[in-house]
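Residues 352 to 447 in the numbering used here are what the sequence shown spells out, letter by letter.
One or more of the hints may lead you astray.
With a cut-off of at most 30 Å between alpha-carbon atoms, the simulated DSS-like pairs for lysine-lysine come out as follows [stated by the list, open to error]:
#1 K422 x K382
#2 K422 x K386
#3 K395 x K381
#4 K395 x K422
#5 K422 x K381
Because the hints were derived from the structure by calculation, they are not lab data.
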Amino acid sequence: MSDNEAKPETQNGEEMSEHVLASVATQDGKKLTFKVKWQAPLQKVFNAFCQRMSLNQDEVVFLHNSERLRKEQTLGEIDYDPEEVIECMQSQVGGA
Numbered sequence: 352m353s354d355n356e357a358k359p360e361t362q363n364g365e366e367m368s369e370h371v372l373a374s375v376a377t378q379d380g381k382k383l384t385f386k387v388k389w390q391a392p393l394q395k396v397f398n399a400f401c402q403r404m405s406l407n408q409d410e411v412v413f414l415h416n417s418e419r420l421r422k423e424q425t426l427g428e429i430d431y432d433p434e435e436v437i438e439c440m441q442s443q444v445g446g447a
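Given only the sequences and the hints, what does the whole structure look like? Please build it.
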């Protein structure tokens with residue numbers, strides 16, 4: 352990002368940095384934190400998390416505020432707060 356480009360701002364008007372620490376946790380409480388750019392696709396976080404936790408990415412879903420995340424979304428798009436944790440859950444197939 353060049354100096355001429357506007358940086359995103361927080362709700363109280365402070366400038367946000369280009370990177371953020373994003374935490375991801377499993378159902379059993381294991382948690383990893385990644386340094387990620389606000390505009391990087393979440394796919395990068397999902398890949399890194401699954402690789403380090405030895406998980407099959409096709410068998411898990413990632414949630415933020417109880418909403419399923421898509422791999423093309425970014426932390427900026429989901430209004431991620433660095434105090435929050437992205438949840439990794441075992442995928443379940445169901446329905447009537």
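The hints, checked one at a time:
| no. | hint | result |
| --- | --- | --- |
| 1 | K422 x K382 | 19 Å, holds |
| 2 | K422 x K386 | 17 Å, holds |
| 3 | K395 x K381 | 19 Å, holds |
| 4 | K395 x K422 | 8 Å, holds |
| 5 | K422 x K381 | 21 Å, holds |
In summary, the structure agrees with every hint in the numbered list given earlier.
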